[in-house]
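> Sequence:
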Amino acid sequence: MPGVDWDIRAKVPEMGRHEEIRNTYVEYRWFYKLLGGVSLLITGVLLGILIGEARFQDYLPEFHLNVWTEALGVFASAGFTVFIIDQLYDRRNRRELKRKLVRSVRSPSHDVAINAISELDHYGWLTGDSAALRGADLMEAKLDGARLNGVNLAEAILERAELNKTKLIKASLQGAILTSAKLHNSKLNEADLRNAKCHGVEMPNVRLGGACLEGTDLSYSCLEGAGLQRACFNDADLHDAKLKGAFLWDTDFNNANLVFADLREATYHKRANWEKAKLGYTNLKGVDFSEANMKGVDLECTNLEGAILDGTDLQGANLKGARLKGASFRAHSFTIYTFAGDMSPNFEDLPNSKIVPKTNLVGATLPDGKVFTEEMDFSYLHRFTNEKNELFEPILDALAAYCDRP
Numbered sequence: 001m002p003g004v005d006w007d008i009r010a011k012v013p014e015m016g017r018h019e020e021i022r023n024t025y026v027e028y029r030w031f032y033k034l035l036g037g038v039s040l041l042i043t044g045v046l047l048g049i050l051i052g053e054a055r056f057q058d059y060l061p062e063f064h065l066n067v068w069t070e071a072l073g074v075f076a077s078a079g080f081t082v083f084i085i086d087q088l089y090d091r092r093n094r095r096e097l098k099r100k101l102v103r104s105v106r107s108p109s110h111d112v113a114i115n116a117i118s119e120l121d122h123y124g125w126l127t128g129d130s131a132a133l134r135g136a137d138l139m140e141a142k143l144d145g146a147r148l149n150g151v152n153l154a155e156a157i158l159e160r161a162e163l164n165k166t167k168l169i170k171a172s173l174q175g176a177i178l179t180s181a182k183l184h185n186s187k188l189n190e191a192d193l194r195n196a197k198c199h200g201v202e203m204p205n206v207r208l209g210g211a212c213l214e215g216t217d218l219s220y221s222c223l224e225g226a227g228l229q230r231a232c233f234n235d236a237d238l239h240d241a242k243l244k245g246a247f248l249w250d251t252d253f254n255n256a257n258l259v260f261a262d263l264r265e266a267t268y269h270k271r272a273n274w275e276k277a278k279l280g281y282t283n284l285k286g287v288d289f290s291e292a293n294m295k296g297v298d299l300e301c302t303n304l305e306g307a308i309l310d311g312t313d314l315q316g317a318n319l320k321g322a323r324l325k326g327a328s329f330r331a332h333s334f335t336i337y338t339f340a341g342d343m344s345p346n347f348e349d350l351p352n353s354k355i356v357p358k359t360n361l362v363g364a365t366l367p368d369g370k371v372f373t374e375e376m377d378f379s380y381l382h383r384f385t386n387e388k389n390e391l392f393e394p395i396l397d398a399l400a401a402y403c404d405r406p
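Counting in our numbering, the sequence shown runs from 1 upward without gaps.
Honestly, the hints are just simulated from the structure, not real lab data. This structure is a prediction, so every number in the text was calculated from the model and none was measured. The beta carbon of each residue, even a glycine, is placed where N, CA and C say it ideally should be. Incorrect hints may appear among the rest.
[Unchecked claim] DEER-style ranges, computed between Cβ atoms:
hint : residue 1 : residue 2 : range
1    : GLY145    : TYR380    : 50 to 60 Å
2    : ARG99     : HIS269    : 42 to 52 Å
3    : ARG94     : HIS269    : 43 to 53 Å
4    : LYS370    : ARG230    : 35 to 45 Å
5    : ARG147    : ASP377    : 55 to 65 Å
[Claimed, not checked] Okay, derived cross-link-like pairs now, DSS-like style, lysine-lysine, Cα gap no bigger than 30 Å in a straight line:
hint : residue 1 : residue 2
6    : LYS182    : LYS98
7    : LYS182    : LYS100
8    : LYS276    : LYS370
9    : LYS244    : LYS295
10   : LYS182    : LYS295
11   : LYS187    : LYS276
12   : LYS285    : LYS182
13   : LYS244    : LYS182
14   : LYS244    : LYS325
15   : LYS165    : LYS187
16   : LYS187    : LYS100
Kindly generate the complete structure, drawing on both the sequences and the hints.
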């Protein structure tokens, strides 16, 4: 940037003797100021004693006591005054240094930016509520590979910043602006990204395990191959986000907006929470949602072709216009007989045995608009899942064509 001295570690030209003396004075200015003040006071006291002894011969003991008492008081006051002035001077210099280092973090030179981060860390200015980078304007900063673990970047402006392979573990990015930023292969485990603005951010293969992204705007973001285990996306906006191949174990998407999101090839786990999530017009072909919590989820016009929904809790879900060709709603049930001696069957002895809890569709809106009730038979779903059924309706809403988007 024109007019800004980015290089905070510019080489100092070879100094002459006069410059060396000047720098020595600057470095030990507090000592020299105190020494000068004490010298002047001592000179004044000695002159006062000489004059006083000549004029007050009859009161020398009292005179000496008064003189030395006053002298000690003056010495103490002078020393304290010099100390306070020096502290204020140092504080002003530290503020100026902090401002200069923050400006350097925005340097177009990657090395200068990284050096500035190291200096800020050295002075302890990266953490805490008064951290130097909290709310800082770091637009387009070049911080690839930086170590920013635990750093306070809350409300910072990081728009179009380059943070590839950066370590931001347990960092605070609450309310930060990361629009169109690049965080390829970065580590943000347990980071705080609540209410952050991450529209269009590029985060392929990022690690967000245990991170908090409540209310975060991740619309049109790229999270392909991301590790999102135990991450919290409550009320987050992920519409049109790319989550292909993402790792979603124990991830919480409660009330999140994932309309038009790409979740193909993502790895799921039954403990992932999708309650009240908005998944309309999304391609979920072949996805395994077995035993997942999908109460009240919106799956309108979603492509669930070949999806596995065995034992899934879909109570109150909206499946209107969804494509369910080949989808599985299997609900295994075993009749438990009472044997002599009150013995029950031992399912552990059965090879490859698996008990899948009954899928719950009570209150769910089916593709044809009907609401599933406790009295309805699961065979009714065959008209949506089995193409050999004479009543097979692969798609009931023209808008579901969006499900085939690449």
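> Next step is simple, just say for each hint if it's right about the structure.
Structure-based check of each hint:
1. GLY145 - TYR380: 50 to 60 Å: Because 57 Å falls inside the window, the suggested range holds.
2. ARG99 - HIS269: 42 to 52 Å: Once the Cβ atoms are compared, 47 Å apart, the range 42 to 52 Å for HIS269 and ARG99 holds.
3. ARG94 - HIS269: 43 to 53 Å: 49 Å, holds
4. LYS370 - ARG230: 35 to 45 Å: Holds, at about 37 Å.
5. ARG147 - ASP377: 55 to 65 Å: 60 Å Cβ-Cβ, so the 55 to 65 Å window holds.
6. LYS182 - LYS98: 26 Å, holds
7. LYS182 - LYS100: 25 Å, holds
8. LYS276 - LYS370: Status holds; Cα separation ~19 Å.
9. LYS244 - LYS295: Given pair LYS244, LYS295 holds - Cα atoms ~23 Å apart, limit 30 Å.
10. LYS182 - LYS295: Given pair LYS182, LYS295 is violated - Cα atoms ~35 Å apart, limit 30 Å.
11. LYS187 - LYS276: 29 Å, holds
12. LYS285 - LYS182: 29 Å, holds
13. LYS244 - LYS182: 18 Å, holds
14. LYS244 - LYS325: 21 Å, holds
15. LYS165 - LYS187: 7 Å, holds
16. LYS187 - LYS100: Distance of about 28 Å is within 30 Å: holds.
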